[in-house]
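Chains as they are written, first to last, in the working numbering: chain A, 1 to 367; chain B, 1 to 208.
Be careful, since some hints might not be right.
Pulled from the structure, derived: some chain A residues nowhere near chain B, Cβ distances all over 10 angstroms [said to hold, decoys possible]:
#1 97
#2 130
#3 156
#4 257
#5 265
#6 266
#7 282
#8 284
#9 359
Result set (SDA-like, lysine to any residue): computed pairs, CA atoms no more than 25 angstroms apart in a straight line [to be verified]:
#10 B:97 to A:22
#11 A:206 to B:189
#12 A:314 to A:22
#13 A:206 to B:128
#14 A:206 to B:137
#15 A:206 to B:14
#16 A:314 to A:73
What the hints contain is simulated information worked out from the structure, not anything from laboratory work. The beta-carbon is built from N, C-alpha and C at its ideal position, and this holds for glycine as well.
What follows is the residue order along each chain.
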Amino acid sequence: MQFGVFTVGDVTVDPTTGREPTERERIKAMVAIALKAEEVGLDVFATGEHHNPPFVPSSPTTMLGYIAARTERLLLSTATTLITTNDPVKIAEDYAMLQHLADGRVDLMLGRGNTGPVYPWFGQDIRNGIPLAIENYDLLRRLWREDVVDWKGRFRTPLQSFTSTPRPLDGVPPFVWHGSIRSPEIAEQAAYYGDGFFANHIFWPKEHTQRMVGLYRQRFAHYGHGTPEQAIVGLGGQVFMRKNSQDAVREFRPYFDNAPVYGHGPSLEDFSRETPLTVGSPQQVIDRTLGFREYVGDYQRQLFLLDHAGLPLKTVLEQLDILGEEVVPVLRREFDSLRPAHVPQAPTHAALVAARDAAAAGTGAGR
Amino acid sequence: MTGRTLAVVSAGLSQPSSTRLLADQLAAATRDELVRRDAEVRLHVVEVRDHAHDVVNHLLTGFPSASLRSALDAVAGADGVIAVTPIFSASYSGLFKSFFDVLEPDALAGTPVLIGATGGTARHSLALEHAIRPLFGYRRAVVVPTGVYAASEDWSGGTADGALRERVLRAGAELAEQVDRRPASTGPADPFALTTDFARLLGGGRED
Numbered sequence: 001m002q003f004g005v006f007t008v009g010d011v012t013v014d015p016t017t018g019r020e021p022t023e024r025e026r027i028k029a030m031v032a033i034a035l036k037a038e039e040v041g042l043d044v045f046a047t048g049e050h051h052n053p054p055f056v057p058s059s060p061t062t063m064l065g066y067i068a069a070r071t072e073r074l075l076l077s078t079a080t081t082l083i084t085t086n087d088p089v090k091i092a093e094d095y096a097m098l099q100h101l102a103d104g105r106v107d108l109m110l111g112r113g114n115t116g117p118v119y120p121w122f123g124q125d126i127r128n129g130i131p132l133a134i135e136n137y138d139l140l141r142r143l144w145r146e147d148v149v150d151w152k153g154r155f156r157t158p159l160q161s162f163t164s165t166p167r168p169l170d171g172v173p174p175f176v177w178h179g180s181i182r183s184p185e186i187a188e189q190a191a192y193y194g195d196g197f198f199a200n201h202i203f204w205p206k207e208h209t210q211r212m213v214g215l216y217r218q219r220f221a222h223y224g225h226g227t228p229e230q231a232i233v234g235l236g237g238q239v240f241m242r243k244n245s246q247d248a249v250r251e252f253r254p255y256f257d258n259a260p261v262y263g264h265g266p267s268l269e270d271f272s273r274e275t276p277l278t279v280g281s282p283q284q285v286i287d288r289t290l291g292f293r294e295y296v297g298d299y300q301r302q303l304f305l306l307d308h309a310g311l312p313l314k315t316v317l318e319q320l321d322i323l324g325e326e327v328v329p330v331l332r333r334e335f336d337s338l339r340p341a342h343v344p345q346a347p348t349h350a351a352l353v354a355a356r357d358a359a360a361a362g363t364g365a366g367r
Numbered sequence: 001m002t003g004r005t006l007a008v009v010s011a012g013l014s015q016p017s018s019t020r021l022l023a024d025q026l027a028a029a030t031r032d033e034l035v036r037r038d039a040e041v042r043l044h045v046v047e048v049r050d051h052a053h054d055v056v057n058h059l060l061t062g063f064p065s066a067s068l069r070s071a072l073d074a075v076a077g078a079d080g081v082i083a084v085t086p087i088f089s090a091s092y093s094g095l096f097k098s099f100f101d102v103l104e105p106d107a108l109a110g111t112p113v114l115i116g117a118t119g120g121t122a123r124h125s126l127a128l129e130h131a132i133r134p135l136f137g138y139r140r141a142v143v144v145p146t147g148v149y150a151a152s153e154d155w156s157g158g159t160a161d162g163a164l165r166e167r168v169l170r171a172g173a174e175l176a177e178q179v180d181r182r183p184a185s186t187g188p189a190d191p192f193a194l195t196t197d198f199a200r201l202l203g204g205g206r207e208d
């Protein structure tokens, strides 16, 4: 099981001090969080991609390339890469480049983006969100898997004799997750290709996650990639911890009450009941997180959101210490002991290369 | 005997509220007419006031609480809807509108709806026609011809067989007629149901 953090990259005023970090401070904080994630023994760091204030991470591979150079083990990912407004040719190039620089420690999560005004800035239209996600990803796969591509589609200029460079590391493209909250079409897309499916699982009731993961698992089996239990599932989660749960609630409440997404709406208590948000002791976080598998089954990746709503870097790093020292070791042990042998781990580059080589040896024909 | 459900949405604020009183009269008239037509009727009353905070939270967070979810499902899955609002500033109340704003876009398409409104004076009665009827027209509901407005003077007459009573019975009969001529509702649509498959998606075969 992989554990990690994902960040939206919002620049938000700290409601307890009234101070807003500069863009530079926020960007450096994101890097510090990634380095800390590796230091405390987490597996994954994933950054959001946004092209509008108050968000800073418009250029994920620049940031991930920098983090790759300063880490050894950490798997670098995204949450999410915009498959709708990015040119699939540029995604193919950027992430293959990152794969080489990071020695394969790369995967990515694709999402559509739900901010209407962003689409036309990149020559697109949000009303085409699903068709763009379908067409662009189909092209992206071909660019990574075929050395020379002739292609014609609806949303991009045609390609003639095009070779995306560099070619993927060892000829194996990065593993892809598809992120969605409530679009069954995206679960269907992930299932069709046998890719991973990642449920946001932060701002939404668990019933959304349960239904979407259930659909993905069923369609994964339908398309012949294995049994429903063997599908590759990732979940988000949002936690804030202190030794005593009352201290956690007291410290987190002003951030919750003023947060960009749910602030000035439901109470912390209501939101904790209605969504997977857990504010309390490390043990409460352990218990709640272990409960996720009861409604999604055994899954492969758990990412936590720790650094939004204006929380200062110092606090976020303390959260990472608690996560790495007290929470994740227990979760790792418990999840792995509960996982049946036929349920795979999340694919890594090494595993994908080995699987490719085994398949080639089995048929006696390389690709 | 056919089972029918009527959702009664009442957006009155005071207790007791004349909006709820009108809603109950419209519901009873509709139910009686459906029973005469050999239907078994179940009423599901939604007091919007009880969900006021949840409605605002839904606007802010994008999802309903469990109790609001069940109220929305009751409306979306009903065979007929009775919707009654007080008139505030020449239109439906903001809370009434917000409740229907968070109801899924297609939830009322093809559903027979009876509209009602209450106010202190009969001078606001056309709000039914210029504000409330278009709202449900936009939702592609089948709004019955008679909308019922009750002003203070309608309640003060003291007799049960005044002009208001006549309008309530006529409107109830119209809603019952529309419900009766349709097959029973199969419940609210499932937003997570997969209505296509990948071959069709890849072929671009999806309405934008």
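When the structure is checked against the list of hints, which entries are broken? Sort them ascending. Numbers 2, 5, 6, 10, 13, 14 and 15 - these are the hints that the structure violates, sorted from lowest upward.
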